[in-house]
Amino acid sequence: MSGIEQSKIRNFCIIAHIDHGKSTLADRIIEKTGLLTSREMQAQVLDNMDLERERGITIKAQAVRIVYKAQDGEEYVFNLIDTPGHVDFNYEVSRSLAACDGAVLVVDAAQGIEAQTLANVYLALDHDLDVIPVINKIDLPSADPQRVIEEIEDVIGIEAQDAPLISAKAGINIEQVLEQIVAKIPAPVGNPDAPLQALIFDSLYDSYKGVIVFCRIKEGRVRKGTKIKMMATGAVADVVEIGYFGAGQFIPCEELSAGMVGYITASLKNVKDTSVGDTVTDALNPCKAPLPGYKKVNPMVYCGMYPADGAKYPDLRDALEKLQLNDASLQFEPETSIALGFGFRCGFLGLLHLEIIQERLEREYNLDIVTTAPGVIYKVYKTNGEVVELTNPSNLPDPSEIDYMEEPIVSAEIMVTTEFIGQIMDLCQERRGVYLGMEYMEETRAVLRYELPLNEIIYDFFDALKSRSRGYASFDYEMKGYERSELVKLDILINKEEVDALSFIVHGSTAYERGRKMCEKLKDEIPRHLFEVPIQAAVGSKVIARETVKAMRKDVLAKCYGGDISRKRKLLEKQKEGKKRMRQVGNVEIPQKAFMSVLKLDEK
Amino acid sequence: MNKAISKASGLKKPLGIYIHIPFCISKCSYCDFLSGPADEGTINTYMDALVKEIEGNRNLGSRFFVDTVFFGGGTPSIAAPLKIKAVMEKLKEVFEFDESPEVTIEANPGTITEKKLMIYREAGINRISMGLQSTENEELKLLGRIHTYEEFLEGYRMAEKCGFSNINVDLMSALPGQTPELWAKTLERIADLDPAHISAYSLIIEEGTPFYEWFQDKEGRNCPPLPSEEEERGMYELTKRFLEARGYCQYEISNYAKEGFICRHNMGYWRRKDYLGLGTGAASLIDNVRFSNTESIPEYIENCGSPDSIHKATQNLSVQEQMEEFMFLGLRTTEGIDKEEFDRVFSGKFEAVYGKICEKLEKEGLLKGYSRKPGRICLTGKGMDLSNYVLAQFLLD
Chain A
1 MSGIEQSKIR NFCIIAHIDH GKSTLADRII EKTGLLTSRE MQAQVLDNMD LERERGITIK
61 AQAVRIVYKA QDGEEYVFNL IDTPGHVDFN YEVSRSLAAC DGAVLVVDAA QGIEAQTLAN
121 VYLALDHDLD VIPVINKIDL PSADPQRVIE EIEDVIGIEA QDAPLISAKA GINIEQVLEQ
181 IVAKIPAPVG NPDAPLQALI FDSLYDSYKG VIVFCRIKEG RVRKGTKIKM MATGAVADVV
241 EIGYFGAGQF IPCEELSAGM VGYITASLKN VKDTSVGDTV TDALNPCKAP LPGYKKVNPM
301 VYCGMYPADG AKYPDLRDAL EKLQLNDASL QFEPETSIAL GFGFRCGFLG LLHLEIIQER
361 LEREYNLDIV TTAPGVIYKV YKTNGEVVEL TNPSNLPDPS EIDYMEEPIV SAEIMVTTEF
421 IGQIMDLCQE RRGVYLGMEY MEETRAVLRY ELPLNEIIYD FFDALKSRSR GYASFDYEMK
481 GYERSELVKL DILINKEEVD ALSFIVHGST AYERGRKMCE KLKDEIPRHL FEVPIQAAVG
541 SKVIARETVK AMRKDVLAKC YGGDISRKRK LLEKQKEGKK RMRQVGNVEI PQKAFMSVLK
601 LDEK
Chain B
1 MNKAISKASG LKKPLGIYIH IPFCISKCSY CDFLSGPADE GTINTYMDAL VKEIEGNRNL
61 GSRFFVDTVF FGGGTPSIAA PLKIKAVMEK LKEVFEFDES PEVTIEANPG TITEKKLMIY
121 REAGINRISM GLQSTENEEL KLLGRIHTYE EFLEGYRMAE KCGFSNINVD LMSALPGQTP
181 ELWAKTLERI ADLDPAHISA YSLIIEEGTP FYEWFQDKEG RNCPPLPSEE EERGMYELTK
241 RFLEARGYCQ YEISNYAKEG FICRHNMGYW RRKDYLGLGT GAASLIDNVR FSNTESIPEY
301 IENCGSPDSI HKATQNLSVQ EQMEEFMFLG LRTTEGIDKE EFDRVFSGKF EAVYGKICEK
361 LEKEGLLKGY SRKPGRICLT GKGMDLSNYV LAQFLLD
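Chains as they are written, first to last, in UniProt numbering: chain A, 1 to 604; chain B, 1 to 397.
Pulled out of the complex, with its shape left as it was, chain B reads as follows (with noise of 0.2 Å):
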């Protein structure tokens, strides 16, 4: 009863959470994230670490309710299922929940069993994010992964069977001796199973992955060669259209979902709504302040208890980042930004600091709503395919 009043009476903003868990059974071809593998006993000691930053962070939840959490990685689903149901609960101590929360995680098709699947229900977790990239095993093997398309079916059904409606799997394009043609089945074998969610990216070589190796001689080391900049485009387009047929919504560049299942964690990155990273490595935004968790695991698991000593490239935004950040976000989303909102929290600017740059790029046809005021303002098709080039523009000199 004392939640709904606090929220009903606005006292209290919603904040996202972030759980980072930076282990990995192997690390794939393509990974330069912040994870790796490690034994049981420092993944123990690291789950009960995070219980520990949460109960550091307890100040927040004076003025904050969390609305969705997501537990990322790494391979969050290696990790005991009643250390993450744990962390659950101490969030759930420390904070207030909205009514229905929603509360992901990423699970490694390889990794999960019925019984931690029954448990992360238990705990509250509602949707499963599946890296599964490839239907095609030949396609998986090069990329690392540590499962076949079979493993993943089994998977995917079982997380079903336990009751998961909310479904997201992870798929990528343009990978090494792909053809349009087997991308294409790689799709339709997933829209077949009709999950909630897809996200679609297309591969991008880090460097500082064994990828970025391979391909730093035109080659690659026993490996097939990447699609032309043509195939990469045409597999891009077939995914929107593909998709769209299929009854999923683009809803950001990268990212498509059936009607009321669009990710509401994700959202929140692109609106700039406040989100706290917890676990190493992990990006927070708390009123317009961003910084990040260390990256060392030994120093988060000694510090974890006090937040503040572990906050590392703390940034407080001006009042410019922060109108950069509001464009150059909100403009990855398909349904762009309010102008009216933008004047609303920035005093009325947005005319004097954009109109140019809005009307160039909607000559160009690169964004489109800027001439009909009042209104949104997004993106075109064209203008998505191009978002580096037309976001960067959104940046002030």
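Excised from the complex, chain A in its bound form (with noise of 0.2 Å):
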């Protein structure tokens, strides 16, 4: 695939709100460029992972090459580079983007701009990308084309007036998109002569091929054979193949070089040898700095992620590695709970981010994992000076030793219709925001404007969002920084002894509340022992809820009739089933089902 002229390559993204319809106009680029036939086209060919199929979002960046003969009659290679539309994803997006050289907006000809368009197409301008607005779902009754225009010229400030009106599901206008892909995204830079410079956007590990790797070659060419070195880790490997990302599939070619987008299998053997973000070069014929790479984005959400069997703790190391390798922004470090063994604290983007892990884990690596109550970082001020970073409540120094506490402050836009501002601000009182003002964006919508404390919208508050406003309100935050606050640590202790799995910060003013919630929620998850069992939340020493699972005093099979005894025997091994599926603290056995229940505390 060598000789392809630079000019004639476009390497673009497709960035939308949830739900606008990126994902079936990427469907419908792919298909009208010709190389699958519509027979073969599979609803959504770029999320092949089953997980974003079935939840409707992409979550992991894919890309695709395909080739689009224009009106001009000159053939284009297309890179599309899929982003993922969530804002815990807003990290994977600016790693998408840093491939690209434009960007295609996808705004919803009903619904307007929302609070991701936004996110977005900030994200995309920040990476000097050009971006082309298209108009989508031009066919639903509700659209209103001319006003969605006009809103992206006066929010965004972007010319929109030739924007194509689309409707991806119906394959209206898809002509116009490619067109305008063509004619309005630049072409990429680049001297194939200079020496390799390739930037990491993603990798994979693949059981026979081993770490794929994902790039974008800025500068230079690589070939089958090329002695490459990962500039960030030092990795030094040949090149074992180098190709291009088919529908689904990779294909292999002969060389890549400046401009273009494709993937290189090495010898590495080791996952940790590649990080998305590093520049690729030629060992022997090496470029003077690396690319600028990405920002390195922390974790905003941690929880203890441990093997329902802990002889499966090895596996579960493994895993997290190899999802690791394309995903960057999930941390692990090994640590071991008096409840639950050993296991791992996990940093997340956020709560879709920790549920997605959790759900890959299940699936693809076949592990039945127990997580803790996800937590934010909190920073811990001693009185000897020092400061410390707090991701496991169990950590949290003694009280004595503590100054005070910062806890961390998102700035939050909510896009509502003005029916339910009321019970939206309810909504972000109730979780301790602070009110900064609204704006209009038109007579019926608006956006709300708060500070919220991060660890009161990590549970939930996606949900109670979404179910307060039928559906209409739309979310966006970004990290504002740490503000001191009034923060304790509230201990579970059952039986008296104290749960270390079950403890979690909260603020001062929800911790009584929290702890009755948890102790109701906990009494109905524990089994009757023969002993009385107190379930008691506690602040310091002080105990501020309790119940108590009363003393099993019968359990009796009466009948055993005509000699059945098979019968008699299935239901004792259905008693010691559910005992083997226990967690033993103390001489209390306490199900893997109570850790998660307690992360659902909000369902009625």
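Calculated from the structure, these hints are not laboratory results.
Positions of the beta carbon are idealized from the N, C-alpha and C atoms, including for glycine.
Be aware that a few hints might be false.
Stated by the list, open to error - Label pairs and their in silico Cβ distance ranges:
no.	chain 1	residue 1	chain 2	residue 2	range
1	B	Tyr-212	A	Ala-170	34 to 42 Å
2	A	Lys-570	B	Glu-299	18 to 26 Å
3	A	Ser-509	B	Tyr-212	28 to 36 Å
4	A	Leu-436	B	Cys-223	54 to 62 Å
5	B	Asp-308	A	Lys-570	18 to 26 Å
6	A	Asn-587	B	Gly-144	30 to 38 Å
7	A	Ala-311	B	Thr-45	54 to 62 Å
Unchecked claim - List of simulated lysine-lysine pairs, DSS-like, C-alpha gap at most 30 Å:
no.	chain 1	residue 1	chain 2	residue 2
8	A	Lys-379	A	Lys-517
9	B	Lys-312	B	Lys-339
10	B	Lys-339	B	Lys-273
11	A	Lys-593	A	Lys-542
12	A	Lys-574	B	Lys-52
13	B	Lys-368	A	Lys-554
14	B	Lys-273	B	Lys-52
15	B	Lys-27	B	Lys-83
16	A	Lys-550	B	Lys-382
17	A	Lys-554	B	Lys-27
18	A	Lys-570	B	Lys-13
19	B	Lys-273	A	Lys-554
20	B	Lys-141	A	Lys-554
As the list claims (entries may be wrong) - Partial list, derived from the structure: chain B residues whose beta carbon lies under 10 Å from chain A:
no.	residue
21	Pro-14
22	Tyr-18
23	Gln-250
24	Ile-253
25	Tyr-269
26	Arg-272
27	Leu-285
28	Glu-324
29	Glu-325
30	Asp-385
31	Ser-387
Put the two chains together into one complex, using the hints given.
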């Protein structure tokens, strides 16, 4: 595939608010470029993780190379790089953007601009990408393209009068989008004869090929056999294969040169040798300096993850390492819990990210995982002047050593139709939000600005927002910084023993309520024992809530009829099986489910 | 004379016979046993099939002698008494019998007559088990029983008059709307009759019964609520206390007997004695193999002449399973199990297999007699109350 003129290459991505039709447009573009017939099209070609298809969201950046014969008679090579839409994955979006020269912005013709539309546009502009707006879903009865065009011009400030009016679902005006990509997105620049300089924007582990590195060649060229060097990790390896991305498959080729997007496999065995954001260069003819790479994104939400079966600890570590390979935002380090044994304290971008990792561990790696309540990073200022970044509540220093604590605060923008403003303001109030202001985008829609403590939104804020606005509110946030806060550690004692895996940090004003709910929930989850089991919530030495699991006093199968012993045996076996899924804390057995149930305290 | 010789020389092993009669007049609200109404013709055909099945088991006659027989159901007493007698006669033809066998028939109080009882006696039946459940007519109605307390009394006196001195009465506590006072009344009335044996069960709501449907929603359809856990527990304790004061000894979780009247047939199950089940769905244990007959009446009638062909769910018990059964069945009885016997049967492994578990349970106050060596091990009162919890621990990994 050598000999492609740089001027005929277009590297771009599609950005949109969730559900505005990004994946559908990607499918249509792939279909229209003729590399695939309609029959070969599986719905949503780009999202090839099961999980993504099921949830209808894009999690991992994916790429595809297609050939488009434009109206000027020339053939263009498009590298379409997909980006995730959810707010948790801003980091992944910026990785993808760094491999692109332009972005197609999809806006729903009925809903107009939403919170993530803005967030993604700002990211694209940060990366100096040219943004082409596209108005989608014009076939909806409620579509109002003219209004949306004006909104784009007013709110974002980009020219939108000639934005294609399309329906990705119905395949209307897709051609116009392709022509604008050719006309408005710049061709890549870069000297193919300069020393190799390529940006790793993603990677994955394949059990046959080993580590597969996805990269954008900025300068120079790479061929099979080239000795490459990872500039950050220093790893050196011979290129085994290079190629580009077909729809859902890897297609080997001879050479990748400046401006192209493709993959490299090399004799790299160790997953840790490659890191996303690193620069690949020629080991024998290295470039002068690495590319700027990515700003390291720090996890915002932490929780403990433990294998349900203690013997699977090494498997869990392996799985996390492999997931981390193309998800650099996932962090983990070993920890030990008295209740749960050996596991990892893991850091995530947000709660959705956490859920996705958990699901991937369970589905792709067949692991049964017990997670502890998620928390954020608190800053603990000790009286001796030391500052501790606290990710695990169990490590909170003794209160006598603490001067004060700080918690992370986010600036949130909530876009909502005016009829729900009251409910949403109530919600923010309940979550300790500080009202900053409100702007009307048009008569019926407004943006509410709040400062909210991160630990109030990591649980179920998004769900609450949706349910109180009947699905109409959208939400985006960014870290603002740390603020001093009256925080306390809430401990749970089961039969007078503190269960470390159930401790968490809360604001003093909500401790009582949380403690009470935890005790109620645990009372339903913990089976009866031979003795009474008290469940207490305590702050320091002060017990603030209590429930009791009554002692088991009768558990008899009276009937045993006509010598049917196998039925009796089955019953006993069931009883025994239930016991196996328990964790022993002191002399109390706690079902694994109990550790998770406290994550869902707000469910009625 | 021959019989005495073969038994005395230990050539033959004792065998219990269970005969299932899967018919009743109408299904009770709590019943999940294999039974249902049928016409007289079907019942007669079925009874004849039982005779054929016994003939088909003739080979067992060379190795076993029968010491207990139990006609269960369903309602065995709805079958023609002469058909019952024919089954007994066939059994005696095929098997040697113990000199004083225990032969029980379950009888629904609404279905017995003096004539029936006399034929039972002639057939060799010497024990009657009467399914009463409650002395409150309201409760009987709720349970779907076809008889009143008064009808039961009539039947009971009839049985006594016909010379049955070994009578069991089945009772059931924890009924919807039942108070401890009402339960006490039932116990008292029955103890006053002074039967040799009383079975007292707690109602268990089983899936697939009308009760299960009714109690899906908390209220229960047209039905008073079930007693609270505390009340149920109170009734259970009352039963033990009350019956013991009246001279009944609890010998198994739900069974009480006057001295000398422990049900030998039931004890056979707990001691893992061999037993042969005849009729649909009947379970057997022969030489450490467990199996059950088909539950289908047509299939049974068709193939009962060659018993092997109707055996389902055949399970050759492994040594481990035998050990588990030895414990979880034996410990249901108040006499418990004998360590030395375990060691004899399983070549001296008791300590290694169950030592730790027994020690733990003894510490928890659920089991006694382990540390006192040698001797029998049995559950404490508390252990009986929590028997599922305790017995599950004797299943090995």
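For this session: Starting from the hint list further up, note which numbers the structure goes against and sort them upward.
Result: Hints 1, 3, 6, 9, 12, 21 and 23 are the ones this structure does not satisfy, whereas the remaining hints hold.
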